[in-house]
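Chains as they are written, first to last, in our numbering: chain B, 1 to 155; chain C, 1001 to 1155; chain A, 2001 to 2155.
Heads up, some of the hints might be wrong.
[What the hints assert, rightly or not] No more than 30 Å apart at the CA atoms, straight line, and that leaves these computed lysine-lysine pairs for BS3-like: (1) A/K2055 / C/K1060; (2) A/K2060 / C/K1061; (3) A/K2060 / C/K1026; (4) B/K60 / C/K1055; (5) A/K2042 / C/K1061; (6) C/K1055 / C/K1042; (7) B/K60 / A/K2061; (8) B/K55 / B/K42; (9) C/K1042 / C/K1061; (10) A/K2026 / B/K26; (11) C/K1055 / C/K1026.
If you're looking for bench data, these hints aren't it; they were derived computationally from the structure.
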Amino acid sequence: MAELTQLIDSEVFLAYATYTTIVLLKMMLMSIITAFFRMTRKAFSNPEDTATFGKGENAKKFLRSDPEVERVRRGHLNDLENIVPFIGIGLLYALSGPALSTALLHFRIFVGARIFHTIAYLTPLPQPSRGLAWLAGYAVTISMAYRLLTTGLYL
Amino acid sequence: MAELTQLIDSEVFLAYATYTTIVLLKMMLMSIITAFFRMTRKAFSNPEDTATFGKGENAKKFLRSDPEVERVRRGHLNDLENIVPFIGIGLLYALSGPALSTALLHFRIFVGARIFHTIAYLTPLPQPSRGLAWLAGYAVTISMAYRLLTTGLYL
Amino acid sequence: MAELTQLIDSEVFLAYATYTTIVLLKMMLMSIITAFFRMTRKAFSNPEDTATFGKGENAKKFLRSDPEVERVRRGHLNDLENIVPFIGIGLLYALSGPALSTALLHFRIFVGARIFHTIAYLTPLPQPSRGLAWLAGYAVTISMAYRLLTTGLYL
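Modelling step: build the complete structure from the supplied sequences, incorporating the hints.
So, in structure tokens, the structure goes:
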């Protein structure tokens, strides 16, 4: 990591910025999908959210959990659990001066894997589709962390 | 994004640092509020947490979910889902050389929206208060992502 | 924060990168532990995940929540809630030019506290072990945020 200011390689950092933005927008889409299913399936968590659909006892029946809503929410949480490490480790990796082609390979596999993970989760596709998509993203993050800890470790 | 080292504009980055710190401290406050409601309402998730309140069967009755605790936890998770994209996209946005006034407008609306979101969630205020607060923060993040992807895209 | 490019002190930033990577890898380990407990205890959330264990009604009995799985998941979510603020505030803190020894003290306590938090949660150790581990990590993050907001505040 020698001289950090020199290592902020424009192209690698630009690639990191692009793929991070894409994968975060994908994660944000989960909020919209959750809201869509909550509306269409009339399944809410908060009493104040059901006020449009009726009053008193009539509104209470919409305070329920729906399998489709819960599925989207699990996908969303899985995104958080996997995209947060990617952003953190990926930023440091992008600043550690990797070859552009290697960095692009990491970023592309990760973002592709997470998009496929969402498709596999929401369809749902039979396993091990979702499992493999998760594994691919996980392996990419481990690979970046490995490079980070072997090139510059400061304990 | 041309020369990244030149683009780390002190004032924009300083503003990003300030607002990010404030919104993360607000998110951390949710942990305290959750702990407060767990204590006062005696509603815990782990058997070892109830040991202070009694033993055996007597402690088991505190292993329950409480509507107020669950409400705070939903607010906390919603923070995570929305603040993580803001931090990631906002960092890259701050490094992409926006005008200071535009950047400040984005950061201020986001932080204000998330603080109001928490107030609307915990009071609770009637809808669409919470919905609009969420939407404002969401729109700010999309706006920053749009600028990022249009000024410098590297796929 | 004066001249940011000068303030990216190699050693402090390298230390931040190292400890962030370690604590994110620890968080990623929670996914593996969750998967392990789901497999050994045969407790799944998605119908497609149970297909290996049987068909129809036989598979349905594996769609259940298990106390051990839920415990790991709570630990994972607590990691997210606490490590996200550390990464965000820690990055800005590392760029604000702290003394290397002070920065190392912050990073080491945080990472040690989070590792101990996981051990205390999964064993489980009697309280207040987990509570104190959580508090130590929380206090470190507040301390870094305090420095950030007192040295360079831009509202």
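> Between B/K60 and A/K2061, does the CA-CA distance stay at or below 30 Å?
Replying inline: Distance ~29 Å between B/K60 and A/K2061 Cα, so the pair holds.
> CA of C/K1055 to CA of C/K1026, is that 30 Å or under?
Replying inline: violated (36 Å)
> Is it true that the CA of C/K1055 sits at most 30 Å from the CA of C/K1042?
Replying inline: The given pair, whose Cα atoms are some 14 Å apart, holds under the 30 Å limit.
> Taking only the CA atoms, is the gap from C/K1042 to C/K1061 under or equal to 30 Å?
Replying inline: holds (9 Å)
>> What's the verdict on A/K2042 and C/K1061, does the C-alpha distance respect the 30 Å limit or exceed it?
In response: holds (27 Å)
> Does B/K26 lie within 30 Å of A/K2026 when you go C-alpha to C-alpha?
Replying inline: holds (25 Å)
>> Holds or violated: A/K2060 and C/K1026, Cα atoms, limit 30 Å.
In response: The given pair, whose Cα atoms are some 41 Å apart, is violated under the 30 Å limit.
>> So if I understand the rule, the pair passes when the alpha-carbon distance is 30 Å or less; does B/K60 with C/K1055 pass?
In response: violated (36 Å)
>> Holds or violated: A/K2055 and C/K1060, Cα atoms, limit 30 Å.
In response: Violated: A/K2055 and C/K1060 sit about 36 Å apart, past 30 Å.
> Within 30 Å, alpha carbon to alpha carbon, are B/K55 and B/K42?
Replying inline: holds (14 Å)
> Between A/K2060 and C/K1061, does the CA-CA distance stay at or below 30 Å?
Replying inline: holds (29 Å)
Figure legend: structure checked against the earlier numbered hints; hints not met, in rising order: 1, 3, 4, 11.
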